[in-house]
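Student: Sequence:
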Amino acid sequence: MIAVPYSYTEEPSFEPDNNRQPPHNIGAEEEILGGILLDPNAFGRVSDRLEANHFFIGAHKDIYRACLSLSKKSQPTDLLHVTSWLSEHKLLEKVGGRNKLATLVDRTVSAINIDSLSDKVIRKSKRRELIKEANKAINLAYDEKQDLVDVFATVTNKIKIVTDTPLAPTKDEHQRWKHDRLLEEVTNIYTTVVEPSFRFFKLHELGREHSFTANFLEHLYLKSLTAECTKLLTYEELKELAGSTVREWLVNGLVPKSTTILLAADGGIGKTKFAYGIAKTMIQGTQFGKFIATGEKRKILYYQGDESPGDMMQALESLGYSESDIGKYVRVRFGWSAENMPALIQDLKEFQPDFVVIDSLSTANKYSVYQESQMEYARPILQMTGLATQYKTTFLIIHHTNREGGVRGTTAIRNAVSEVWLLTKDNSQTATPYDRLLEINKSRSRSSGKKYRLMFNPEDLQFTFLGEESEQGFNGTEQSAKDALLEFFSKNRNTRFTSKELAHRLGYSDGHLRNCLSGLAADGLISAEPQNGRATNYFLVLESVTITPDHPVESPQTIVSTGLEANSVPSVTEYPITLDHPPITPTITPDDHPKDSCTVVDTAEGDRLSTEKSLENKSEPQEQNNGHSSQSSDHRQSQALLNKESGGDRGGDRGVIVADDDHLDDSSDILQSLPPSPLKRDDFEEGGIYWSPKLNNKVKIVKLFKTLPEAEVYQAGDIHKIRVTLSELYPLPVEFKVDDEVAVISEHKKFIDRVFTISGVHPGGIWIQGKTRTGNDSYGPFKPYQLQKISG
Numbered sequence: 000m001i002a003v004p005y006s007y008t009e010e011p012s013f014e015p016d017n018n019r020q021p022p023h024n025i026g027a028e029e030e031i032l033g034g035i036l037l038d039p040n041a042f043g044r045v046s047d048r049l050e051a052n053h054f055f056i057g058a059h060k061d062i063y064r065a066c067l068s069l070s071k072k073s074q075p076t077d078l079l080h081v082t083s084w085l086s087e088h089k090l091l092e093k094v095g096g097r098n099k100l101a102t103l104v105d106r107t108v109s110a111i112n113i114d115s116l117s118d119k120v121i122r123k124s125k126r127r128e129l130i131k132e133a134n135k136a137i138n139l140a141y142d143e144k145q146d147l148v149d150v151f152a153t154v155t156n157k158i159k160i161v162t163d164t165p166l167a168p169t170k171d172e173h174q175r176w177k178h179d180r181l182l183e184e185v186t187n188i189y190t191t192v193v194e195p196s197f198r199f200f201k202l203h204e205l206g207r208e209h210s211f212t213a214n215f216l217e218h219l220y221l222k223s224l225t226a227e228c229t230k231l232l233t234y235e236e237l238k239e240l241a242g243s244t245v246r247e248w249l250v251n252g253l254v255p256k257s258t259t260i261l262l263a264a265d266g267g268i269g270k271t272k273f274a275y276g277i278a279k280t281m282i283q284g285t286q287f288g289k290f291i292a293t294g295e296k297r298k299i300l301y302y303q304g305d306e307s308p309g310d311m312m313q314a315l316e317s318l319g320y321s322e323s324d325i326g327k328y329v330r331v332r333f334g335w336s337a338e339n340m341p342a343l344i345q346d347l348k349e350f351q352p353d354f355v356v357i358d359s360l361s362t363a364n365k366y367s368v369y370q371e372s373q374m375e376y377a378r379p380i381l382q383m384t385g386l387a388t389q390y391k392t393t394f395l396i397i398h399h400t401n402r403e404g405g406v407r408g409t410t411a412i413r414n415a416v417s418e419v420w421l422l423t424k425d426n427s428q429t430a431t432p433y434d435r436l437l438e439i440n441k442s443r444s445r446s447s448g449k450k451y452r453l454m455f456n457p458e459d460l461q462f463t464f465l466g467e468e469s470e471q472g473f474n475g476t477e478q479s480a481k482d483a484l485l486e487f488f489s490k491n492r493n494t495r496f497t498s499k500e501l502a503h504r505l506g507y508s509d510g511h512l513r514n515c516l517s518g519l520a521a522d523g524l525i526s527a528e529p530q531n532g533r534a535t536n537y538f539l540v541l542e543s544v545t546i547t548p549d550h551p552v553e554s555p556q557t558i559v560s561t562g563l564e565a566n567s568v569p570s571v572t573e574y575p576i577t578l579d580h581p582p583i584t585p586t587i588t589p590d591d592h593p594k595d596s597c598t599v600v601d602t603a604e605g606d607r608l609s610t611e612k613s614l615e616n617k618s619e620p621q622e623q624n625n626g627h628s629s630q631s632s633d634h635r636q637s638q639a640l641l642n643k644e645s646g647g648d649r650g651g652d653r654g655v656i657v658a659d660d661d662h663l664d665d666s667s668d669i670l671q672s673l674p675p676s677p678l679k680r681d682d683f684e685e686g687g688i689y690w691s692p693k694l695n696n697k698v699k700i701v702k703l704f705k706t707l708p709e710a711e712v713y714q715a716g717d718i719h720k721i722r723v724t725l726s727e728l729y730p731l732p733v734e735f736k737v738d739d740e741v742a743v744i745s746e747h748k749k750f751i752d753r754v755f756t757i758s759g760v761h762p763g764g765i766w767i768q769g770k771t772r773t774g775n776d777s778y779g780p781f782k783p784y785q786l787q788k789i790s791g
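Be aware that the sequence shown starts at 0, since it is given in numbering that gives the first Met the number 0, and climbs by one per residue.
Calculated directly from the structure, the hints in this document are not laboratory data. Among the clues, some could well be false.
[What the hints assert, rightly or not] Below, in silico cross-link-like pairs of lysine to any residue (SDA-like), each with a Cα-Cα straight-line distance of 25 Å or less:
no.	residue 1	residue 2
1	Lys60	Glu92
2	Lys159	Arg175
3	Lys720	Leu731
4	Lys201	Glu375
5	Lys99	Ser115
6	Lys222	Phe197
Build the full structure now, drawing on both the sequences and the hints.
Tutor: As structure tokens, then:
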């Protein structure tokens, strides 16, 4: 007989099917109970997943409940104890008396199959449960008083509970399923429902369906945002979880990728303007002091709640944000709060920002029912922490400090973020009203506890980087080597070097340079890549360029001006710190690397001689600097030329220019004197900023003496007031840029009556090139006061 397929044109039957019994398996139920009574260990194998309601026969349910009760009291579930329990609870006769229990034991051979039998009983129970809910759905469909939308919602939810429940779960598995299912629904509400009132309504409805309060659901979501402990990991699992072992940065040593930063400061310090300036650095791909951006054209998202649109626009324009910046790389929202978290998620998906500024935490929590002293106040930060990882963005959350100068509110705020910056006003007696201190108070990416001196200009709203504060004294040799390393890495971005290679190139000992590299890597200023069984590789990242394993010395790339020069409008400016005479980049043999127009070359013999000279001078005592750290100014400002000897130039402010092969022997006497200062006494004024070659730094005059040709000054990066002679001060050097034609101020025959072209402007100095019989040769590094622009 051929079966006829069902046709939707046939009239369906609405009559209930009362002729069939619900699904069940009585034989399996009896064998399970018999196995439990027979084997004391059998109950523990099924108790986590088998429930009394899974049994079809009422007597079987009561017997199984007796076993559950005995097990909770750590009593055996054998025939004697089960019979006694049923008798005490007046259920023995109801289940069939002692004969029923004896029969269950007699019919059971062993409990070996109790697991598979339990699975059969649970599956039959699930079918009965589905029939039960389906019958309820039928009754609801007949109930005309019920709104059809409510009927659909109820039926869908009830059927979904049955169909989604995993078969034969353990107790823990079942609880885990209920937890995951509820949390998924709560998370969906919190992350997709934009309107706060409708979100609260949905939470209330969800809680009513599951017999929970909306407050419980909110706490459940909050708990899910906290970090959870992983399982014990093998090496392979750890490696896979960690991904790259190299920390990624937006700004090396300052702004890590995919993290949360809390910037805390008192009112009127300029924390918002500081955040604007750091973000501008990322858009331009420049640097703030020694902190170098790893790329340019970063996308910035501002959630502004503390400033008006007019004030914000004025601040961005004052800081040099262009229309193209704001139109393409910057997006702004006003009035955002944590209640609008779905809007943030939508912005992260669509705009894909690299850096998000929340100004401020208090504004974001303005509708919160919690106080700053309560742990729940930190919930938005926990949400952002998860979003930072998910969307590969960094959040900077602006907050306020308390009276003691720490982060205001609950410690949960501090604990929820990965980085804590404290921006404070310097209240020391020698400080100006505009001196600021930036402390890396907490960091999971670099060494913490360090402070950096800044100066805030209220006129243009810019912060100027003045250098690192040192509480334990200033190690000149170490700082000199670090500055030389940073300069070298900035010229060779994305190229990996070992400490031995760097020691050869920079003229330092390998051990000394390893310590300096470790310090720079600990501060996040460079990247360190450990190699299994091999030397660590060090490099400075520039994104969008492939990192190469070899080490070609490329033409130095011009670093974008930070704005201390004339006619520039920067977001942040810098004074990179150097010692009096850090070693210059040593000359490179033509055999090792190809020569180009911007690369200084030397012979192998020259390397050997310079190394021997350095070793000979190591036994000489190092020259002291009167207790003051000699620090360079902005990377285009003047400083003494550098000497390859690690001990520094014992002649004072003399400079050395590294020349090419043909002129190496006479390079040591080039530019041994400074040009005379053109300034007269009347040219100086209190509050003015000048250049001191002797200090190798910028200085600010705080007091002029009427009867003496001297002045009291602060030098950049130093809080100590010192006295200098006015004749030692020079005007700030003029700005030089690539392709400018210049002459070298020198009586050396090599440079007399020659015109050169600037090929590179870098933190370590200016490089020039000029035509020779064999082509173009490069010379440098020069300082601005050693060069003269050729007009026209």
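Student: Against each hint, give a clear statement of whether it holds in the structure.
Tutor: Structure-based check of all given hints:
1. Between Lys60 and Glu92, the direct Cα distance comes to roughly 14 Å. Compliance with the 25 Å bound is thereby established for this hinted pair.
2. For the hint pairing Lys159 with Arg175, the CA-to-CA distance comes to about 16 Å; that is within 25 Å, so the pair holds.
3. Under the criterion of a C-alpha separation no larger than 25 Å, the hint pairing Lys720 with Leu731 is consistent with the structure, at around 20 Å.
4. Taking the CA atoms of Lys201 and Glu375, the gap is near 21 Å; set against the 25 Å cutoff, the hint holds.
5. Proposed proximity of Lys99 and Ser115 is supported: the alpha carbons are some 23 Å apart, at most 25 Å.
6. Of the pairs offered as hints, the one joining Lys222 and Phe197 holds, with about 22 Å between alpha carbons and a cut-off of 25 Å not exceeded.
The structure agrees with every numbered hint stated previously.
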